[in-house]
Amino acid sequence: MKNIKNKSAHFIYYGEDKDTGIIKHISEVPRGAKCNCKCARCGEAFEAKKGTERRHHFAHVSNYECEYAAEVAVYCGFFDALRQLKKIQLPDIKNEERKPVDFKEEDITFIKREEEKGYPPSLFLTIQGRKMRIVLDFDHYYKEADKEILTEEAKAGGYSLLMYRLPGINQDCFSPEQIKEIIKNGSQADWVFNLRKEEKEKEHREKQRKEAEEREAASTATKEELDAARQEVILRFDPNAQTATIDKYGRRWIQCVMCGKIKEENKIVTYGGPTHGKNRGVCRDCSKSEI
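Each residue of the sequence shown is one higher than the one before, starting from 1 at the first, in the working numbering.
In case anyone wonders, no lab produced these hints; they're calculated from the structure. Computed from a predicted model, the values in this text were never measured in an experiment. Heads up, some of the hints might be wrong.
[As the list claims (entries may be wrong)] With a cut-off of at most 25 Å between alpha-carbon atoms, the simulated DSS-like pairs for lysine-lysine come out as follows:
id	residue 1	residue 2
1	Lys248	Lys207
2	Lys207	Lys267
3	Lys207	Lys155
4	Lys180	Lys38
5	Lys38	Lys49
6	Lys112	Lys147
7	Lys267	Lys210
8	Lys184	Lys131
9	Lys261	Lys248
10	Lys180	Lys86
11	Lys112	Lys38
12	Lys112	Lys180
13	Lys34	Lys18
14	Lys86	Lys184
15	Lys223	Lys248
16	Lys99	Lys87
17	Lys197	Lys184
18	Lys180	Lys50
19	Lys112	Lys87
20	Lys263	Lys223
21	Lys200	Lys248
22	Lys202	Lys248
23	Lys112	Lys18
24	Lys87	Lys131
All chains should be modelled from the sequences, with the hints used to inform the complete structure.
Listed below in structure tokens is the structure:
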């Protein structure tokens, strides 16, 4: 995984319990080394700074300058909140409407420490067989070039990319309750890359290509070839089929419920819907005779 952006030094709000591996917010632990926590990023021991002058936070006992420790700590908070909620508010593929989606705890994958020390960490969620990666964007941290790198990784990995727009990492707004509210509300989450949307667009492009080829073939076909294609349709026509009947030249065929003849779409007045289905309708001639 590639590193995105440079390191930063900020308040660290979450630590990992040395014994259980449980993620702890600074408010949940005693002061000093008694917090019994370590850095989720590097694994070094923490002490809890809980004085009266500065904001409460974790710090490395060794004063080690750990790259991305604060950011990874908030990722830990998100992972823990997702694990507890088992529900996420997701935008649609157009990033317009949002709806709640349930999942199981085992559907979450979170890798805090990786061999290559890559950033951002790997936070993945699988819903209904589709995999997505969750990335946290602190104070417009990611530029378009960064998003392009992440998108290329998502395309290569076959997953979607969901990004949360968040305040700066030093803001005091990443408590467990606040993170849960961000997830439940969903208004700060947008798709940077949506695999389902990509697949739909690909299907649409393929459909357009095929239709263009059919139109080209129809424009150069002889009358005999067009008549032969019509006869093939009549021989295999199924009025109860769930899909439209289209010949190799892209012409759609429909059976009139009144005269029983199979005609081209442009000679049918009404068709489809719950009354007729995909392949039945009323032709223009029969429609006139009813008047």
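Status of the hints after comparison with the structure:
In summary, the hint linking Lys248 to Lys207 is supported, as the alpha carbons are separated by about 14 Å, within the 25 Å threshold. Taken as a hint, the Lys207 and Lys267 pair is honoured in the structure, with Cα atoms around 24 Å apart against an allowance of 25 Å. For the proposed pair Lys207 and Lys155, the alpha carbon gap of about 22 Å is at most 25 Å, so the pair holds. A C-alpha spacing of about 23 Å is found between Lys180 and Lys38, which places the hinted pair at or below 25 Å, so the restraint holds.
Of the supplied pair hints, the one linking Lys38 and Lys49 holds, its CA atoms being roughly 13 Å apart against a limit of 25 Å. Annotation: proposed proximity of Lys112 to Lys147 holds, straight-line Cα distance about 21 Å (limit 25 Å). Straight-line distance between C-alpha atoms of Lys267 and Lys210 comes to about 23 Å, which keeps the hinted pair within the 25 Å bound. Taken as a hint, the Lys184 and Lys131 pair is honoured in the structure, with Cα atoms around 19 Å apart against an allowance of 25 Å.
Between the alpha carbons of Lys261 and Lys248 the distance comes to roughly 20 Å, so the proposed pair stays at or under 25 Å and holds. Restraint check for Lys180 and Lys86: satisfied, since their Cα atoms lie roughly 11 Å apart, inside the 25 Å limit. Distance check on the hinted pair: Lys112 and Lys38 sit about 12 Å apart at the alpha-carbon level, within 25 Å; holds. Taken as a hint, the Lys112 and Lys180 pair is honoured in the structure, with Cα atoms around 20 Å apart against an allowance of 25 Å.
The suggested pairing of Lys34 with Lys18 holds, with an alpha-carbon distance near 11 Å, which does not exceed 25 Å. A distance of roughly 10 Å separates the Cα atoms of Lys86 and Lys184; the hinted pair therefore holds under the 25 Å criterion. Taking the CA atoms of Lys223 and Lys248, the gap is near 14 Å; set against the 25 Å cutoff, the hint holds. Proposed proximity of Lys99 and Lys87 is supported: the alpha carbons are some 10 Å apart, at most 25 Å.
Note on Lys197 and Lys184: the hinted pairing holds, with a Cα-Cα distance of about 23 Å set against a maximum of 25 Å. With a C-alpha separation of about 24 Å, the suggested pairing of Lys180 with Lys50 holds against the 25 Å cut-off. This hinted pair checks out: Lys112 and Lys87 have alpha carbons roughly 21 Å apart, not beyond 25 Å. Between Lys263 and Lys223 the CA atoms are separated by roughly 16 Å; this keeps the pair inside 25 Å, and the hint holds.
At most 25 Å may separate the alpha-carbon atoms for a hinted pair to count; Lys200 and Lys248 meet this at roughly 23 Å. Under the criterion of a C-alpha separation no larger than 25 Å, the hint pairing Lys202 with Lys248 is consistent with the structure, at around 21 Å. Under the criterion of a C-alpha separation no larger than 25 Å, the hint pairing Lys112 with Lys18 is consistent with the structure, at around 14 Å. Proximity of Lys87 to Lys131 is assessed by CA-CA distance (about 15 Å); at most 25 Å being required, the pair is judged to hold.
Violated hints are absent here; each numbered hint is respected by the structure.
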